[in-house]
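Listed in order, the protein sequences are those of chains D and W. In this text, residue positions in the first sequence follow this note's numbering: the first is 10, and each later residue adds one. In this text, residue positions in the second sequence follow this note's numbering: the first is 1222, and each later residue adds one.
These are computed hints drawn from the structure, not numbers from a lab. The beta carbon of each residue, even a glycine, is placed where N, CA and C say it ideally should be. Possibly wrong hints are sitting among the right ones.
In silico DSS-like cross-links for lysine-lysine, where the CA-CA straight-line distance does not exceed 30 Å [said to hold, decoys possible]: (1) 1298(W) x 50(D); (2) 45(D) x 1270(W); (3) 1289(W) x 1277(W); (4) 1270(W) x 1289(W); (5) 49(D) x 1270(W); (6) 28(D) x 50(D).
Label-pair restraints from in silico Cβ distances [claimed, not checked]: (7) 50(D) x 1263(W): 34 to 40 Å; (8) 1317(W) x 104(D): 44 to 50 Å; (9) 105(D) x 1241(W): 28 to 34 Å; (10) 1275(W) x 68(D): 35 to 41 Å; (11) 11(D) x 1316(W): 39 to 45 Å; (12) 36(D) x 1280(W): 16 to 22 Å; (13) 1291(W) x 76(D): 42 to 48 Å; (14) 63(D) x 1316(W): 17 to 23 Å.
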Amino acid sequence: ETGVTQTPRHLVMGMTNKKSLKCEQHLGHNAMYWYKQSAKKPLELMFVYSLEERVENNSVPSRFSPECPNSSHLFLHLHTLQPEDSALYLCASSHGRGYEQYFGPGTRLTVT
Amino acid sequence: GDSVTQMEGPVTLSEEACLTINCTYTATGYPSLFWYVQYPGEGLQLLLKATKADDKGSNKGFEATYRKETTSFHLEKGSVQVSDSAVYFCALSNDNTGNQFYFGTGTSLTVIP
């Protein structure tokens, strides 16, 4: 595998479910990011991890919980989501903050 | 604060037409500037970048020049193809503001045969 991979690519979950999104980067980068991309809205930065420390959390509801166990892996744990959380969730990584970011293909999440 | 403004879409062009997507920025100091492309059903891909004034980034026939005097980084291509249909995002990063990344809202391009 090369680049940034995300699993699953598609996820449908009920409002009471708990699920996790996984991101893995094979680029030797030190920073990882979660973004939310909704139709007709700008890209929203959710979380930033640098050297496995969370350095940014942009007022994201607590029903989204990130985890970065090492510099290559990033998870987004989801619980009791709302229909408005349906979106494309993109993971990215970079050599460091401010360097160009490399994106995964995204997970298309639908909350029913 | 820092920001990026890009032209509203959608843009529809015929194959082999010329493309310009405008992007202007607001930032202190000397940010780095980027263009990303997102094809349907995929994540964003870095298309090109420029890290200092007067630099020209280029890739796949696309070009953009970092113009500090006009705070612009317009994306251009001389002859578009159907396969260029995608959403294009302008972005900047600035070490003056903690290396945050700022994305524009995206411009959708459709090229018709």
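> Which numbered conditions among the earlier hints are violated in the structure presented, ordered from lowest to highest?
Replying inline: Hints 7, 8, 11 contradicted; others consistent.
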